[in-house]
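Peer 1: Each chain, letter by letter, is given below.
2 protein chains.
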Amino acid sequence: MLSAEIIAIGSELLTPEKTDTNSLWLTGRLNEIGVEVKLKTIVGDDAARLEETVRDAVKRSDVVITTGGLGPTEDDITRQVTAAAIGRELVYHDEIEAHLRTRFRAWGREMPEINKRQAYVIEDAEILPNPNGSAVGMMAALGEKYLIVLPGPPRENQPMFDDFVFPKLREKSGAIVFRKRILKVSGLGESAIDEAIAPIYSAYERVSTSILFNKSEVEVHLTAQAANAAEADAVNDELAAKIVEKLGVAVFSTDGEEMEAVVGRLLAERGATIAVAESCTGGLIGERLTEISGSSAYFIEGVVAYANEAKIRTLGVDPEIIEQHGAVSSETAAAMAAGMRVRAETDYAISVTGIAGPTGGTDDKPVGTVFIGFADRDRTKTFRIGLPGDRYLVRWRASQAALDFLRRQILKR
Amino acid sequence: MLSAEIIAIGSELLTPEKTDTNSLWLTGRLNEIGVEVKLKTIVGDDAARLEETVRDAVKRSDVVITTGGLGPTEDDITRQVTAAAIGRELVYHDEIEAHLRTRFRAWGREMPEINKRQAYVIEDAEILPNPNGSAVGMMAALGEKYLIVLPGPPRENQPMFDDFVFPKLREKSGAIVFRKRILKVSGLGESAIDEAIAPIYSAYERVSTSILFNKSEVEVHLTAQAANAAEADAVNDELAAKIVEKLGVAVFSTDGEEMEAVVGRLLAERGATIAVAESCTGGLIGERLTEISGSSAYFIEGVVAYANEAKIRTLGVDPEIIEQHGAVSSETAAAMAAGMRVRAETDYAISVTGIAGPTGGTDDKPVGTVFIGFADRDRTKTFRIGLPGDRYLVRWRASQAALDFLRRQILKR
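Which chain is which? The protein sequence lines are A and B, in order. Number 113 in the numbering used here belongs to position 37 of the first sequence; there are no gaps in the numbering. Number 300 in the numbering used here belongs to position 224 of the second sequence; there are no gaps in the numbering.
These are computed hints drawn from the structure, not numbers from a lab. Some hints here could point you the wrong way.
[Unchecked claim] In silico DMTMM-like links for lysine to aspartate or glutamate, alpha-carbon gap of 20 Å or less:
no. : chain 1 : residue 1 : chain 2 : residue 2
1   : A       : Lys135    : B       : Glu128
2   : B       : Lys441    : B       : Glu399
3   : A       : Lys291    : B       : Asp151
4   : A       : Lys94     : A       : Glu321
5   : A       : Lys260    : B       : Glu128
6   : A       : Lys256    : B       : Asp151
From a predicted model like this one, the values you see are computed outputs, not experimental measurements.
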């Protein structure tokens with residue numbers, strides 16, 4: 077398995093506004109042919125740091141790709157610094173200059189003298205033509221390794237990579253293919269999941285497994301390597317099935333699907349309809365369910381009953397319930413769900429009422445206290461949950477808990 | 077001027093899907109106190125590469141910040157590897173374990189044994205408390221330099237940085253201060269704004285100005301440098317006032333406030349109330365308005381009238397209007413807003429109906445066609461807008477257009 081490093085070059089990539097996105101596309105292409113990206117660096121127009129970075133990278137990794145810094149200005153230091161890092165000279169290519177002059181003339185301009193810089197190429201490197209810009213790329217073989225120097229603009233580096241670099245690396249990397257699978261789990265913590273499934277995944281030497289917490293759910297990432305895609309997928313399938321067997325209904329997705337997509341699919345498969353009554357989540361559950369294209373098949377109506385009068389007037393909650401138990405209570409959640417379902421004439425309704433904070437908490441019901449309600453034609457159910465986090469997270473996690481409750485209720489039917 | 081490097085740790089950051097965004101926020105904060113980020117690295121759960129990266133970074137730069145890899149699982153190698161890189165031991169802190177046990181009990185759970193790993197801290201490092209998670213941070217002084225180890229989740233590392241790291245680095249970095257100001261503009265394009273304000277900002281040599289498009293609005297970023305914060309703020313104030321004078325009501329925020337916060341403040345200042353009737357945005361406008369703490373003072377009720385029956389039954393839209401003009405029409409938008417306002421007995425109501433896509437477009441009303449409605453006690457107003465982008469962007473931009481319409485209507489009163 078070949079290892080790669082990607083080095084993005086340019087001081088603008090070290091500002092608070094800009095992030096290097098070239099490496100994402102390159103990583104996707106490299107992974108397809110079993111080349112694993114082990115490290116990424118973003119470095120400014122800073123010769124000393126860039127030279128050290130390139131020198132370290134070619135020591136550690138089989139393939140080193142740089143992007144950017146090939147323009148004609150003084151800030152564009154990639155040519156001379158990458159050459160120095162691997163101990164080679166730059167060589168002037170008259171034919172590149174001639175080609176540049178032709179290009180400029182085709183645009184009705186004379187080539188500025190400054191662009192002559194772009195005719196320098198690392199000694200013994202293969203020149204990678206650039207039909208979409210003035211900077212050629214370079215590919216230097218270093219024994220069994222490669223240093224590949226690409227321009228920064230995606231519409232220049234992507235076709236250059238695909239046309240000249242990809243075929244060569246595919247040949248070199250041989251037959252290995254990597255395939256990824258994401259499982260999502262609700263209602264269990266990161267460490268509990270790891271404790272439960274470590275004995276299972278440890279037996280799979282050709283799958284790398286990582287466990288990540290992501291706002292309100294835990295993701296289990298499987299990356300299988302095999303001789304071809306079908307084989308790798310089969311290994312992922314097998315391991316995923318064993319994990320599902322172990323964790324049961326807590327696994328809500330085995331292919332990276334979002335909770336709202338899973339719930340939507342369950343509803344659509346059953347021809348069932350849903351309505352949502354929200355208080356502290358303020359519309360978030362409706363928003364998430366309707367983010368799915370085609371959700372109009374099952375999502376009928378939502379009410380954001382923020383004020384008590386809205387709960388009474390639109391959801392038909394009995395004012396005495398609110399008076400006796402409070403707006404944040406199991407009784408109110410039940411009445412909201414039942415009232416919503418009757419109003420919207422749906423199969424199911426869910427409701428949420430709680431204290432998102434930062435104010436409004438009491439000793440009895442601190443910030444993060446949320447009641448979730450569910451109603452179908454026959455009955456209502458509710459549960460209480462205490463959610464950690466700030467206002468944003470409490471609301472997000474409440475929406476996730478409500479959708480997960482709905483999912484589990486549908487699956488019971 | 078101090079130099080910094082940021083190292084993001086985690087194999088998930090080396091996939092084609094994920095990019096390191098923590099470093100953007102950290103860069104912004106570091107720049108404020110004149111600390112320049114010279115290099116960023118993204119490294120996986122790979123002890124050898126991480127150790128080399130940290131060792132090189134502390135040689136080259138004054139401040140080295142790592143993010144991530146402090147969880148309780150075996151993949152979380154940051155503690156032992158950063159310690160090894162600077163030649164120190166890890167020390168077990170009973171008081172951290174005790175604190176973790178208390179935290180877990182407060183959630184009604186016992187601490188899994190695996191979490192004991194999080195009680196190890198680099199020898200002689202300052203422990204940085206984490207009120208929002210189980211991983212403490214660390215700050216190790218290396219002569220005049222610092223190695224700072226932060227958890228990955230932004231909600232954990234940002235407050236930790238602000239509370240414990242920022243004050244120390246500010247003291248160390250000395251005299252120059254950079255202060256940033258963000259103006260937000262709706263309804264004008266990037267280049268039109270630049271044409272209008274370039275003559276104004278060009279006169280300010282000690283302010284760097286950049287203009288960025290951000291989903292549905294344009295941001296004008298001002299960064300003033302001066303001997304102290306008050307002086308830098310005064311320069312930003314002066315320039316911001318001139319830009320507002322030039323661009324007028326299109327500037328909706330001069331301090332980076334979100335649209336929903338601006339609208340909320342306008343409503344609260346006037347003691348006015350709002351209700352929202354949504355179709356294609358599915359609850360997004362309600363969600364955005366109620367994301368603001370204290371929004372219960374003005375946000376009364378929302379209805380997500382996704383199905384036509386919901387528009388008729390809950391908003392009182394005349395079925396003939398839908399029949400004659402369609403659910404996506406100026407007439408329906410007007411009836412939704414008026415019906416919502418009457419139901420909720422509020423001062424104002426807004427409504428949105430449109431085609432978010434990817435399906436449902438027609439020749440007359442292609443995907444992205446959205447009608448926005450507004451109602452107060454005296455009248456209704458609507459407008460039609462054609463929004464570019466995918467389903468997510470059309471919905472976001474529709475919510476922004478509706479909130480901006482509401483803002484402009486309130487300001488007229």
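Peer 1: Decide, hint by hint, whether the structure agrees.
Peer 2: Verification of the hints:
no.	hint	in the structure
1	A:Lys135 x B:Glu128	holds (12 Å)
2	B:Lys441 x B:Glu399	holds (16 Å)
3	A:Lys291 x B:Asp151	holds (19 Å)
4	A:Lys94 x A:Glu321	violated (43 Å)
5	A:Lys260 x B:Glu128	violated (33 Å)
6	A:Lys256 x B:Asp151	holds (18 Å)
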